[in-house]
Amino acid sequence: MQHTATGTEPVTTASGVTLRVNGTAHTLDVDHRTTLLDALRERLGLTGAKKGCDHGQCGACTVLVDGRRANSCLLLAVAQDGTEITTVEGLAGDAGDGELHPLQRAFLDRDAFQCGYCTPGQLCSAVGLLAEAAAGHPSYVTPPDTGSPDGPASPGGPAGLTPAEIRERLSGNLCRCGAYPRIVEAVADTAAEAAR
Amino acid sequence: MRPVGYVRARSVEEAAAAHAGHPGARYLAGGTNLVDLMKLGVESPGTLVDVSRLPLDTVEPLPGGGLRIGATVRNSDLAAHPLVRASYPVLSQALLAGASGQLRNIATTGGNLLQRTRCPYFQDPAKPCNKREPGTGCGAREGGHRDHAVLGHSPSCIATHPSDMAVALAALGATVELHGADGARTVPVGQFHRLPGDHPERDTVIGPGELITAVVLPEAPAGLPSAYRKARDRASYAFALASVAAVLEVADGVVRQVGIAFGGLAHRPWRAERAEAALLGAAPTGENIARAVDAELDRAEPLRDNAFKVPLARNLARRVLTGLAGPAARP
Ligand SMILES: Cc1cc2nc3c(=O)[nH]c(=O)nc-3n(C[C@H](O)[C@H](O)[C@H](O)COP(=O)(O)OP(=O)(O)OC[C@H]3O[C@@H](n4cnc5c(N)ncnc54)[C@H](O)[C@@H]3O)c2cc1C
Ligand code: SF4
Ligand code: FES
Ligand code: FES
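Note that the protein sequences, when read in sequence, are chains U and W. Take the first sequence: its letter number 38 is residue 38 in our numbering, and every next letter is one higher. Take the second sequence: its letter number 323 is residue 323 in our numbering, and every next letter is one higher.
A portion of the hints provided could be inaccurate.
Label-pair ranges, simulated between beta-carbon atoms [what the hints assert, rightly or not]:
1) GLU193(U) <-> GLY207(W): 21 to 31 Å
2) ARG232(W) <-> PRO163(U): 30 to 40 Å
3) GLY93(U) <-> GLY180(W): 49 to 59 Å
4) GLY82(U) <-> PHE308(W): 30 to 40 Å
5) GLN114(U) <-> GLY64(W): 18 to 28 Å
A few chain U residues facing chain W, derived, Cβ under 10 Å [said to hold, decoys possible]:
6) THR18
7) ARG20
8) ASN22
9) THR24
10) ALA25
11) GLY121
Take a look, some chain W residues computed to stay more than 12 Å from chain U by CB distance [what the hints assert, rightly or not]:
12) ASP77
13) LEU95
14) PRO134
15) ARG194
Everything labelled a hint here was simulated from the structure, so no lab data went into it. Here the structure is a predicted model, which is why all the values come from computation and not from measurement. Just so it is clear, CB atoms sit at the ideal spot from N, CA and C, and this is done for glycine as well.
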């Protein structure tokens with residue numbers, strides 16, 4: 001449905017929206033209050049993204065919107081019309097060959113979880129983190145004068161993702177089980193592999 | 001949450017018209033604050049006017065120097081922008097000190113300026129709060145107020161403004177561009193947020209239906225020394241207990257240009273005009289810096305449980321300013 005803003009139409013409280021999730025388009029009617037997280041879980045049966053706090057405070061609901069990590073509990077589904085959403089279910093090889101995403105493999109290799117509740121959010125967040133680092137985005141702990149986490153020598157590459165950088169960049173994902181050391185190792189492994 | 005209408009605006013004019021045409025309309029940008037407050041029952045808009053896709057998502061150098069930052073530029077994109085990092089590191093650092101990677105990807109320039117206080121009484125409709133419901137009293141004054149204001153508070157409200165970005169903008173002397181029914185106007189960031197006085201329900205000077213279109217940064221040469229430093233309860237992903245943003249240019253052994261603002265201490269980003277006046281034209285020695293910072297913070301009126309914020313802010317400011325002054329700060 002097209003939303004126009006002529007300022008004259010009566011207020012409707014639900015709209016049709018097309019959500020493209022993991023490459024598939026879904027058209028559904030949503031109450032405007034529906035968050036993307038609830039639409040994914042309750043309407044599309046994609047229960048990978050988790051509801052931890054429902055207030056942006058834990059990161060368990062993290063998904064990728066147009067390739068950027070975002071908290072799906074604070075996004076309204078109706079506002080996501082036309083965006084490309086990737087959930088943890090869409091990270092593994094889409095050829096149906098079951099090939100895990102390198103980060104998923106690294107999480108398994110490093111045993112980077114206990115209960116696993118935070119894991120889908122950690123994985124989606126880490127995918128976003130690697131893309132941001134590859135694009136040369138700084139973090140709060142990046143020395144201001146070096147221009148990139150790597151310093152001027154290899155600008156923008158993931159090789160400069162020190163443990164301190166990974167911890168800062170993943171601080172939006174809490175883990176009640178305290179699996180943080182292993183999570184940092186898994187992300188560092190993946191970053192090192194990508195830099196090779 | 002109450003049922004709510006939704007319209008997506010495609011232009012500034014369309015957004016303003018939709019706001020005017022719908023009772024209880026609110027602009028929706030990233031939604032990271034508004035949707036949260038709707039869930040808490042603090043906000044119940046009649047209609048959301050989605051401005052997140054307005055063509056205000058660019059950062060443009062201005063002909064006479066300076067930068068124009070569109071209202072819908074995402075916090076993460078602004079922090080990573082090469083021109084911001086080169087000439088306004090204080091702004092990049094302040095943005096990166098706020099929230100989390102995924103929140104900064106959603107949050108916008110306009111929404112960040114207009115985010116509401118994190119006072120827990122404000123966020124709980126079962127509690128008294130003059131800001132949420134004028135006349136009900138202030139739950140925090142005699143209650144939990146460790147995180148609250150030490151400067152510029154009033155008997156009616158002791159809340160702080162939570163934005164990190166706005167503190168850097170205040171130190172830089174940025175201006176906010178607004179579009180309203182009476183046309184466009186600009187307001188300096190330092191005057192955009194209000195002190196609570198008798199009307200804590202008004203956070204800013206923005207008028208009903210007015211839309212933030214941009215924030216304009218004044219000219220700054222690449223390499224102009226500036227920095228942001230934030231103290232919080234954990235190393236990351238927490239609001240400021242106190243923070244400081246500063247710009248300091250030293251030439252011929254004296255301070256040629258200075259901008260200082262505190263975060264976490266007041267109802268608005270606190271532009272430290274007394275400290276600035278004390279430093280301008282003076283040698284940036286450790287002693288002069290300490291005296292300037294004290295000139296500002298001597299005005300603090302801490303509450304029962306937050307006096308620790310004053311020495312915290314003092315030490316942060318001394319450290320940032322001596323760092324920016326470099327060798328000149330050493331005796
Ligand atoms: C867990 C958590 C931690 C956080 N930590 C920090 C932190 O450490 N530091 C920090 O600074 N912030 C922090 N934030 C707050 C975050 O920065 C803000 O929520 C965000 O910047 C708001 O931007 P938005 O685009 O999502 O705004 P919205 O939620 O979309 O809007 C906020 C308000 O601004 C209005 N608005 C939006 N755009 C416009 C416009 N162009 N013109 C007029 N009105 C407009 C809306 O109507 C609404 O009233 C945190 C938030 C969360 C949830
Ligand atoms: S400090 Fe302000 S926001 Fe908090 S309870 Fe008092 S009036 Fe409300
Ligand atoms: S459920 Fe979204 S951040 Fe916690
Ligand atoms: S593994 Fe249990 S919350 Fe992270």
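Against the structure, the hints:
A hinted range of 21 to 31 Å is violated for the C-beta pair GLU193(U) and GLY207(W), which are about 54 Å apart. Distance hint check: the CB atoms of ARG232(W) and PRO163(U) are about 20 Å apart, inconsistent with the given range 30 to 40 Å. Distance hint check for GLY93(U) and GLY180(W): the Cβ-Cβ separation is about 52 Å, which falls inside the suggested range of 49 to 59 Å. Checking the proposed 30 to 40 Å range against GLY82(U) and PHE308(W) shows it is violated: the Cβ atoms sit about 49 Å from each other.
Distance hint for GLN114(U) and GLY64(W): a CB-CB separation of about 57 Å, inconsistent with the stated range 18 to 28 Å. Taking 10 Å as the C-beta contact cut-off toward chain W, the hint placing THR18(U) at the interface is violated, the least distance being around 13 Å. A least Cβ separation of about 16 Å between ARG20(U) and chain W goes past the 10 Å threshold, and the interface hint is therefore violated. Checking ASN22(U) against chain W by beta carbon gives a least distance of about 18 Å; that is not within 10 Å, so the hint is violated.
Violation of the interface hint for THR24(U) is found here, the shortest Cβ-Cβ separation to chain W being roughly 23 Å, above the 10 Å cut-off. Because the closest C-beta pair between ALA25(U) and chain W is about 19 Å apart, greater than 10 Å, the hint is violated. The interface hint given for GLY121(U) is met, as the beta carbon of that residue sits about 9 Å from the closest beta carbon of chain W, less than 10 Å. The claim that ASP77(W) is not at the interface with chain U is violated, since a C-beta of that chain comes within 12 Å of its own (minimum 9 Å).
The beta carbon of LEU95(W) is not kept farther than 12 Å from every beta carbon of chain U, the shortest such distance being approximately 9 Å. At roughly 25 Å from the closest C-beta of chain U, the C-beta of PRO134(W) stays outside 12 Å, upholding its exclusion from the interface. Against chain U, the non-interface label of ARG194(W) holds: every CB pair exceeds 12 Å, the least being about 26 Å.
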